[in-house]
Amino acid sequence: MFFALTDDQREFGTAVTTYLAERFDLEAVRGVVEDAAGDGHPAALWKAAGEQGWLAVTVPEEHDGLGLGLVEAQVIARALGAGVAPGPWRGTVLAAEAIRLAGSPEQQAAWLPRLASGAAVGAFSLRAGRTAVEYAAVADVIVVRDGDGLVLVERGAFTAEPVGSYDGTTRLATVTVDGPGEALPGAGAATVADLTARATVLVASDLAGVAREAITRTVAYDREREQFGVPVGSFQAIKHALADLHVGVTMAEHAVLYAAHTVDTGAEGADLAVAVAKAKASDAALAATAAMIQYHGGIGYTWEHEAHLFYKRAKRLAGQFGDADAQRARIAELTIG
Amino acid sequence: MDLTYTAAEEDFRRELRAWLAAHIPDEWTRPGFWESLGDDESFRVRRDWERDKALAGFAGIEWPTEFGGRGGTPGMKAIYDEETVRAHAPRTVNPLGLAFLAPTVMAIGTDAQKKEIVGPLLRNEVIWCQGFSEPGAGSDLAALSTRGVRDGDDFVVNGQKVWTTNAVHGDKIFTLVRTEPGSQRHRGISMLLIDMHQDGVDARPLKQMSGASEFGEVFFDDARVPASDVLGEIGDGWRTAMLLLSFERGASGIGQYTEFRRQYDEIVEVARRLGRDTDPVVRGRLARVLTELECLRLHAMHVLTQVEQGRDLGFEASMTKLQWSETFQDLWEVYDDILGEDATLDALSTPGGDLDLRPLHAQSMWSRSVTIWGGSSQVQRTITAERVLGLPR
Chain A
1 MFFALTDDQR EFGTAVTTYL AERFDLEAVR GVVEDAAGDG HPAALWKAAG EQGWLAVTVP
61 EEHDGLGLGL VEAQVIARAL GAGVAPGPWR GTVLAAEAIR LAGSPEQQAA WLPRLASGAA
121 VGAFSLRAGR TAVEYAAVAD VIVVRDGDGL VLVERGAFTA EPVGSYDGTT RLATVTVDGP
181 GEALPGAGAA TVADLTARAT VLVASDLAGV AREAITRTVA YDREREQFGV PVGSFQAIKH
241 ALADLHVGVT MAEHAVLYAA HTVDTGAEGA DLAVAVAKAK ASDAALAATA AMIQYHGGIG
301 YTWEHEAHLF YKRAKRLAGQ FGDADAQRAR IAELTIG
Chain B
1 MDLTYTAAEE DFRRELRAWL AAHIPDEWTR PGFWESLGDD ESFRVRRDWE RDKALAGFAG
61 IEWPTEFGGR GGTPGMKAIY DEETVRAHAP RTVNPLGLAF LAPTVMAIGT DAQKKEIVGP
121 LLRNEVIWCQ GFSEPGAGSD LAALSTRGVR DGDDFVVNGQ KVWTTNAVHG DKIFTLVRTE
181 PGSQRHRGIS MLLIDMHQDG VDARPLKQMS GASEFGEVFF DDARVPASDV LGEIGDGWRT
241 AMLLLSFERG ASGIGQYTEF RRQYDEIVEV ARRLGRDTDP VVRGRLARVL TELECLRLHA
301 MHVLTQVEQG RDLGFEASMT KLQWSETFQD LWEVYDDILG EDATLDALST PGGDLDLRPL
361 HAQSMWSRSV TIWGGSSQVQ RTITAERVLG LPR
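Heads up: the protein sequence lines correspond to chains A and B, in order.
Note that full-length UniProt numbering numbers the first sequence so that position 236 is 236, with each residue one more than the last.
Note that full-length UniProt numbering numbers the second sequence so that position 264 is 264, with each residue one more than the last.
Just so you know, not all the hints are guaranteed correct.
Claimed, not checked - Each pair of labels, with its calculated beta carbon distance range:
| no. | chain 1 | residue 1 | chain 2 | residue 2 | range |
| --- | --- | --- | --- | --- | --- |
| 1 | A | Gly188 | B | Gln309 | 40 to 48 Å |
| 2 | B | Gly314 | A | Leu334 | 31 to 39 Å |
| 3 | B | Asp195 | A | Asp7 | 48 to 56 Å |
| 4 | B | Glu269 | A | Glu61 | 44 to 52 Å |
| 5 | A | Arg225 | B | Arg204 | 24 to 32 Å |
As the list claims (entries may be wrong) - So, partial list: chain A residues that the calculated Cβ filter (under 8 Å) puts toward chain B:
| no. | residue |
| --- | --- |
| 6 | Phe2 |
| 7 | Phe3 |
| 8 | Glu22 |
| 9 | Arg23 |
| 10 | Arg225 |
| 11 | Pro231 |
| 12 | Gln236 |
| 13 | Ala237 |
| 14 | His240 |
| 15 | Val247 |
| 16 | His254 |
| 17 | Val276 |
| 18 | Ala279 |
| 19 | Gln320 |
| 20 | Gly322 |
| 21 | Ile336 |
As the list claims (entries may be wrong) - Sample of chain B residues at the chain A side, in silico, Cβ under 7 Å:
| no. | residue |
| --- | --- |
| 22 | Asp2 |
| 23 | Cys295 |
| 24 | Thr305 |
| 25 | Met319 |
| 26 | Arg368 |
Source of the hints: derived by calculation from the structure; they are not laboratory data.
None of the values given here were measured: they were computed from a predicted structure.
Virtual Cβ for every residue (Gly too), placed ideally from N, Cα, C.
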């Protein structure tokens with residue numbers, strides 16, 4: 001039995017965390033968030049993502065990728081969530097996953113090396129119609145759902161109209177396909193379900209990262225902040241709430257890791273594992289980021305403080321690919337009938 | 001990532017499964033069977049069965065063979081926990097001895113203690129009780145006041161212990177006693193191994209809210225114990241107790257998951273027979289508990305991994321306790337709420353026939369206790385906050 005990350009897998013996360021701490025900290029994130037006219041896609045961060053293999057993680061080696069799985073990808077997603085990092089990492093990885101799983105050899109050769117290196121930006125949407133797609137405005141290629149199929153649409157064949165969103169760490173745009181697209185020939189209902197599972201796990205992992213960082217920062221503050229002559233973290237009302245959050249986030253981390261593994265291996269019970277992971281991670285992130293505001297007191301409600309960056313990202317992602325209630329409805333179907 | 005057991009561990013599973021299949025009568029698997037026997041008869045039957053199981057080699061799974069154990073792996077212990085639940089094996093009658101005393105004796109006991117305590121315990125020749133809590137020392141264990149006064153080679157013990165599991169069936173009791181007159185808090189305590197079959201020890205049953213009497217209280221009135229029957233050093237009992245409690249590290253979580261997951265299905269069946277299984281509120285609440293149950297299983301796999309890697313889990317045991325006990329309690333609250341206004345009835349008529357609710361009620365009642373014993377949820381949250389998160393005391 002080995003239910004844990006290996007040292008090599010852990011190293012992926014450490015590399016992202018270290019880079020963000022040294023080169024793209026919360027001040028840099030704030031710069032992106034406050035630049036309302038910008039595209040939310042900082043070039044330096046994107047360059048690092050390409051150079052350090054964050055984008056290549058699940059791309060096969062024959063297409064210049066690392067040939068690893070969702071377990072490794074979720075390690076990166078978690079670190080990016082903890083750093084509330086902006087940029088089209090998830091959309092690019094998922095567009096590449098769609099092409100890897102359902103694209104023709106020509107489509108794979110054309111796109112996978114470019115998506116793996118960051119030379120091309122990808123976006124991904126499973127919802128039909130006019131819907132907000134992450135980073136569509138900077139995408140070179142978008143994979144969109146068409147019934148049970150998937151269509152690849154290149155820049156020039158779609159129009160992306162930026163939409164306002166209070167989560168400034170994720171830029172959204174509505175997409176109108178107004179030119180020709182190419183079907184991914186291998187796509188069917190099973191591919192769409194598989195991609196949905198992968199997307200759900202990556203979002204859940206980002207949420208787990210957001211939740212963990214929210215608790216860590218709150219604990220650090222409440223150890224120092226004094227009221228009534230003592231650190232507020234010495235009050236039992238705060239201790240017990242943070243202890244419960246710590247347990248909840250730890251469980252979410254277990255659940256996301258397990259879900260990634262079941263999807264990677266095609267194990268029985270992957271459906272349930274993914275629903276459990278997303279339900280738990282959504283709840284944990286919403287609770288932890290709300291607590292981050294509350295247990296910082298008044299400063300936690302200010303624009304100046306970072307709590308709202310975490311809170312807003314959690315709000316955005318908690319509903320992606322089904323919120324906790326939707327996941328529980330799925331869990332009920334699977335275990336009650 | 002490797003979520004499988006080794007070939008040797010799977011061989012062990014098959015061997016154990018075969019033995020259990022041959023040694024558990026069908027009627028034992030019927031809901032309410034053990035409750036129908038009554039406390040004393042249930043205890044006797046289980047005691048004998050467990051002895052036979054030990055003689056067949058299915059006890060002390062991960063303990064060294066030199067102490068009478070099987071010399072197995074942590075994975076085999078997890079398989080043992082899972083398979084015994086799956087086969088509806090009776091609950092152990094020696095839980096405190098098996099989980100706490102034996103590992104402590106193997107760690108710090110004298111050679112004589114290792115020989116005299118561990119083997120007989122495995123074969124249920126001696127049923128061990130734990131004498132920790134007192135009327136004035138529950139969560140605040142260091143407030144204990146049971147005292148032992150040296151008299152020649154003996155200690156003479158006076159005081160009272162309470163919430164003692166199996167008190168009326170116990171043969172011996174490992175007891176925290178203040179052996180240094182006037183000592184305060186954690187100092188001056190010894191862990192004495194006291195024979196309960198003597199005039200100075202009076203064990204009385206304590207009737208619980210469920211009506212059962214698995215607990216009791218133990219009165220010491222000039223009870224005598226040789227000073228050599230101390231575990232660890234005299235006056236160092238607090239440290240012995242902390243070591244002892246550290247053996248509750250949650251490696252039995254896989255067995256707990258197996259049991260609670262079956263109970264989930266039983267509760268779903270109740271909902272179905274009452275036509276409540278399509279109610280979206282009920283479904284949402286059941287799914288919420290199922291989510292926590294799955295997390296419990298994964299946490300157990302995490303704990304097993306850490307144990308196999310030789311890592312010390314330390315205060316993570318508090319998280320394990322919170323996750324299983326709070327989830328178990330939530331599960332049975334959903335059951336109560338599914339019954340609604342009929343929650344207290346002994347039986348219900350349903351289209352599928354009469355439904356005897358008493359065995360289910362017994363679990364529901366029991367669920368109120370699990371967030372108290374073994375360190376209440378409030379104590380566990382404080383430990384987690386202070387020792388894991390590092391919040392100030």
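Each hint, compared with the structure:
no.: 1; hint: A:Gly188 to B:Gln309: 40 to 48 Å; verdict: holds, 42 Å
no.: 2; hint: B:Gly314 to A:Leu334: 31 to 39 Å; verdict: holds, 35 Å
no.: 3; hint: B:Asp195 to A:Asp7: 48 to 56 Å; verdict: holds, 52 Å
no.: 4; hint: B:Glu269 to A:Glu61: 44 to 52 Å; verdict: holds, 50 Å
no.: 5; hint: A:Arg225 to B:Arg204: 24 to 32 Å; verdict: violated, 51 Å
no.: 6; hint: Phe2; verdict: holds, 4 Å
no.: 7; hint: Phe3; verdict: holds, 4 Å
no.: 8; hint: Glu22; verdict: violated, 24 Å
no.: 9; hint: Arg23; verdict: violated, 28 Å
no.: 10; hint: Arg225; verdict: violated, 11 Å
no.: 11; hint: Pro231; verdict: holds, 5 Å
no.: 12; hint: Gln236; verdict: holds, 7 Å
no.: 13; hint: Ala237; verdict: violated, 11 Å
no.: 14; hint: His240; verdict: holds, 4 Å
no.: 15; hint: Val247; verdict: holds, 5 Å
no.: 16; hint: His254; verdict: holds, 4 Å
no.: 17; hint: Val276; verdict: holds, 5 Å
no.: 18; hint: Ala279; verdict: holds, 5 Å
no.: 19; hint: Gln320; verdict: violated, 18 Å
no.: 20; hint: Gly322; verdict: violated, 12 Å
no.: 21; hint: Ile336; verdict: holds, 5 Å
no.: 22; hint: Asp2; verdict: holds, 4 Å
no.: 23; hint: Cys295; verdict: holds, 4 Å
no.: 24; hint: Thr305; verdict: holds, 5 Å
no.: 25; hint: Met319; verdict: holds, 5 Å
no.: 26; hint: Arg368; verdict: violated, 19 Å
The structure does not agree with the numbered hints 5, 8, 9, 10, 13, 19, 20, 26 stated previously, though it agrees with the rest.
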